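Colleague: Each chain, written out:
Protein chains: 2
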Amino acid sequence: MKTEELDPKDLETFLEFLSFPSVSTDGEFEKDVDACADWLVNRLQAMGLEVEKHATRGHPIVVARNPHKKGRPTVMLYGHYDVQPVDPLELWKTPPFEPSVIDGVVYARGATDNKGQLLAHLLGIEKTLAEEGELPVNAILLFEGEEEIGSPNLDPFLAAHASELACDVVAVSDTGMVGRGIPTFTYGLRGIACLEVSVSGPKVDLHSGIYGGAVANPATVVAELAAGLHDAGGRVAVDGFYDAVQDLAGWEREQWAGLPDGDAATLKETGVPALFGEEGCNSYERRWARPTAELNGIGGGYQGEGSKTVIPREAMLKLSFRLVPDQDPESILELVSRHLKKYCPEGVRMVIAPGHHGKAYLTDPFSAYGKAAQQALRETFSAEPVMIREGGSIPIVQSFKDTLGVDTLLLGLGLPDCMAHAPNENFPLENFEAGMRLNRHLFRALAGVGAE
Amino acid sequence: MKTEELDPKDLETFLEFLSFPSVSTDGEFEKDVDACADWLVNRLQAMGLEVEKHATRGHPIVVARNPHKKGRPTVMLYGHYDVQPVDPLELWKTPPFEPSVIDGVVYARGATDNKGQLLAHLLGIEKTLAEEGELPVNAILLFEGEEEIGSPNLDPFLAAHASELACDVVAVSDTGMVGRGIPTFTYGLRGIACLEVSVSGPKVDLHSGIYGGAVANPATVVAELAAGLHDAGGRVAVDGFYDAVQDLAGWEREQWAGLPDGDAATLKETGVPALFGEEGCNSYERRWARPTAELNGIGGGYQGEGSKTVIPREAMLKLSFRLVPDQDPESILELVSRHLKKYCPEGVRMVIAPGHHGKAYLTDPFSAYGKAAQQALRETFSAEPVMIREGGSIPIVQSFKDTLGVDTLLLGLGLPDCMAHAPNENFPLENFEAGMRLNRHLFRALAGVGAE
Numbered sequence: 071m072k073t074e075e076l077d078p079k080d081l082e083t084f085l086e087f088l089s090f091p092s093v094s095t096d097g098e099f100e101k102d103v104d105a106c107a108d109w110l111v112n113r114l115q116a117m118g119l120e121v122e123k124h125a126t127r128g129h130p131i132v133v134a135r136n137p138h139k140k141g142r143p144t145v146m147l148y149g150h151y152d153v154q155p156v157d158p159l160e161l162w163k164t165p166p167f168e169p170s171v172i173d174g175v176v177y178a179r180g181a182t183d184n185k186g187q188l189l190a191h192l193l194g195i196e197k198t199l200a201e202e203g204e205l206p207v208n209a210i211l212l213f214e215g216e217e218e219i220g221s222p223n224l225d226p227f228l229a230a231h232a233s234e235l236a237c238d239v240v241a242v243s244d245t246g247m248v249g250r251g252i253p254t255f256t257y258g259l260r261g262i263a264c265l266e267v268s269v270s271g272p273k274v275d276l277h278s279g280i281y282g283g284a285v286a287n288p289a290t291v292v293a294e295l296a297a298g299l300h301d302a303g304g305r306v307a308v309d310g311f312y313d314a315v316q317d318l319a320g321w322e323r324e325q326w327a328g329l330p331d332g333d334a335a336t337l338k339e340t341g342v343p344a345l346f347g348e349e350g351c352n353s354y355e356r357r358w359a360r361p362t363a364e365l366n367g368i369g370g371g372y373q374g375e376g377s378k379t380v381i382p383r384e385a386m387l388k389l390s391f392r393l394v395p396d397q398d399p400e401s402i403l404e405l406v407s408r409h410l411k412k413y414c415p416e417g418v419r420m421v422i423a424p425g426h427h428g429k430a431y432l433t434d435p436f437s438a439y440g441k442a443a444q445q446a447l448r449e450t451f452s453a454e455p456v457m458i459r460e461g462g463s464i465p466i467v468q469s470f471k472d473t474l475g476v477d478t479l480l481l482g483l484g485l486p487d488c489m490a491h492a493p494n495e496n497f498p499l500e501n502f503e504a505g506m507r508l509n510r511h512l513f514r515a516l517a518g519v520g521a522e
Numbered sequence: 071m072k073t074e075e076l077d078p079k080d081l082e083t084f085l086e087f088l089s090f091p092s093v094s095t096d097g098e099f100e101k102d103v104d105a106c107a108d109w110l111v112n113r114l115q116a117m118g119l120e121v122e123k124h125a126t127r128g129h130p131i132v133v134a135r136n137p138h139k140k141g142r143p144t145v146m147l148y149g150h151y152d153v154q155p156v157d158p159l160e161l162w163k164t165p166p167f168e169p170s171v172i173d174g175v176v177y178a179r180g181a182t183d184n185k186g187q188l189l190a191h192l193l194g195i196e197k198t199l200a201e202e203g204e205l206p207v208n209a210i211l212l213f214e215g216e217e218e219i220g221s222p223n224l225d226p227f228l229a230a231h232a233s234e235l236a237c238d239v240v241a242v243s244d245t246g247m248v249g250r251g252i253p254t255f256t257y258g259l260r261g262i263a264c265l266e267v268s269v270s271g272p273k274v275d276l277h278s279g280i281y282g283g284a285v286a287n288p289a290t291v292v293a294e295l296a297a298g299l300h301d302a303g304g305r306v307a308v309d310g311f312y313d314a315v316q317d318l319a320g321w322e323r324e325q326w327a328g329l330p331d332g333d334a335a336t337l338k339e340t341g342v343p344a345l346f347g348e349e350g351c352n353s354y355e356r357r358w359a360r361p362t363a364e365l366n367g368i369g370g371g372y373q374g375e376g377s378k379t380v381i382p383r384e385a386m387l388k389l390s391f392r393l394v395p396d397q398d399p400e401s402i403l404e405l406v407s408r409h410l411k412k413y414c415p416e417g418v419r420m421v422i423a424p425g426h427h428g429k430a431y432l433t434d435p436f437s438a439y440g441k442a443a444q445q446a447l448r449e450t451f452s453a454e455p456v457m458i459r460e461g462g463s464i465p466i467v468q469s470f471k472d473t474l475g476v477d478t479l480l481l482g483l484g485l486p487d488c489m490a491h492a493p494n495e496n497f498p499l500e501n502f503e504a505g506m507r508l509n510r511h512l513f514r515a516l517a518g519v520g521a522e
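Respectively, the protein sequence lines represent chains A and B. All the letters of the first sequence, read from the start, carry residue numbers 71 to 522 under the numbering used here. All the letters of the second sequence, read from the start, carry residue numbers 71 to 522 under the numbering used here.
Isolated chain A (complex conformation):
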């Protein structure tokens, strides 16, 4: 089946799914997130699956299943229907929630992360059911609406429904391929720990002429705190930060040496004028196997046109730390908080708000399910799969391990230039179509392994 053979109905379904502005982080879109969940519920019911929409303290979780039979492996397919915010909106070439198809690529917020990948599996299941009347595995479909805000309600949900959700393995397509047509099995993810810092000083914005030089400037303080997180060699300067970090295994180095040039890819994909990062590491190591301290947002004072000579009364930082085995997120947040308190001057008040966090994840790519997944990738793409880690964090993968006791197979369909989280996010229809086939190959291969 070639891209041009994509069923127009499937494309129509995809564009419909993408048109919901299901931005989970912004209360303004609460109804849209809910409407998107309802759309999924209707879709799943129409496929003849048993569906439940579960309310949470936040956005709903949708669970569907086929009739389960003894002796078949139970496979949970996870995806998320929420999306990142769209700003900066002015950099989008097409409206983010009015999907456009240009040269075989769909442009919209959520196209790759994660609606396109989720829906490809869902339509793959639909096709199998239509053609074969049943699936070869016991399937549980779990779709949440809070992945982009750290899945705050998923853990309690998994714990509360552990027996209904019991399964042998989880499959997720929410990662990337290292290049077009290169099937990619991801066996590791970085963890994450988020932190917000607010610094306030004077009771109101001050005239920087009248008081400048005699009071600590909150904007300068946050800049200094942010700057103090790294040393001159690009390493995180927080005491104890690297204590639990594990080195790469020999087979990993070998695998990664065979990948397309990661430094060149990083330069090309990002457009930066030069690479940067921890000394002695290449780009794949920096992106997948080394921990980071990243400033996601900084703000204080006047940011409009022209000048306004104020000392702002407050300023803030949004920080996230990407973690690798065996760093513990809570310990890292504690170390960072201690570091910030140590370096915060007494002329201001600081409030530290730890945010969402999750451990790094590693699974054994040589397990029976791991090999089956690679077989499915091989059949789908007619090429030998590569084994990589990824730099992003999918905390739920750790949740599945902790709560349900199962590993997760990460079978990404995104490409490096799919612009997840950025303006002009997109998903090639060729990958959308491959995703449908991947689902059929995957379920067959897992059925071959059987229940654990």
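If you're looking for bench data, these hints aren't it; they were derived computationally from the structure. It should be emphasised that the depicted structure is a prediction, and the values quoted were computed from it without experimental measurement. Just so you know, not all the hints are guaranteed correct.
No copy labels: a pair is met if it fits in one copy or bridges any two.
Said to hold, decoys possible - With a cut-off of at most 30 Å between alpha-carbon atoms, the simulated BS3-like pairs for lysine-lysine come out as follows: (1) Lys378 with Lys163; (2) Lys378 with Lys471; (3) Lys378 with Lys273; (4) Lys338 with Lys378; (5) Lys338 with Lys411; (6) Lys123 with Lys378; (7) Lys197 with Lys139.
Given the coordinates of chain A, assemble chain B onto it according to the supplied hints.
Modeller: The following block gives chain B in isolation, referenced to the frame of chain A:
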């Protein structure tokens, strides 16, 4: 004459003047600014002065004069009838353009900056004319409507009318008194140099999981650049920054040692939890006699609610440097630009945009006019005047020096808690009344010195 003896007519005139919402920065108030200028014109004509209203590219400049006579000094009195915007409006306890008198204090936008101080002089002149039939000096009254937006049309106006505006000295009441009842002569002001820095790296916002650790983060870069502007002792860390800085003279240290506690005043007025600044200096030195590097704005990445794990494509800084004698603004901007370029990493692109700038100002308080001004303050307040500098910049003072070749006598009537530029701006009637008397004493004292 005591406050309670304030002529009700003068109070009525004051409240009338304050009721014009003459906000110069907002086009919405253009007619109100103009109406306020007309009100001044009428007032000045009624006093028997010769008045001209000059249109500019912005708001009008009003010039008035008495019949000039040979042998008398020509004194230009400067003031501005425009006011700052009122936001945040919700913090005002009384409507900003419906002046309220509470316990002998007038609350309204412009009460102290500058309508109250301007009008006190004007009514002082009116009284002298009414009682003595003429003024003891050749007076030029110059009132502009664009001070709060940087007086963009004043320099060209001064240049175009230099011969008509020729004078021996300028007097301005638009500064502050160090405390209630303490007559204050301001002989120095800091200069200013502004600079904006933009840093960009990746072509779009990046996912901080996917690329974090392998590319320079523009938000981190601006934070590091901002942090690098100071050393651990609170001094500006730019090479050569202090080369031209002049130490305080012995008499200045003596004068300032006799002032009310500046550290306590700074803490009280700003509400900061602790003082901060260059080691070895007290608050007055830090605010009036030491140069600064102040971060007026910093911004990059996600600043909204919740978290967004991006590496932003760009980030920015708005910097201003307060300058002291003999720092040259253009040289300082050059030194700072060199410093920023030196420390900017190669993984980003940086654009530096120098902004507006002006030299620091110092006049000799022991000149004949300076002594006369202090004599007027002494007589008005029945107390020995103090001699201070101020930390802010009043570019027009430098303009008078450059274009008309004359010094400016800064005889402030505002108090530290008059809330200029802030909600609940106010002016005590006791200062309003003192201002009228100050004008009479000042003109008499300057007449005693004669023309230069």
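Colleague: Going through the numbered hints above, which ones does this structure break? Give me the numbers in ascending order.
Modeller: Hints that this structure does not satisfy do not exist here, as all of them hold.
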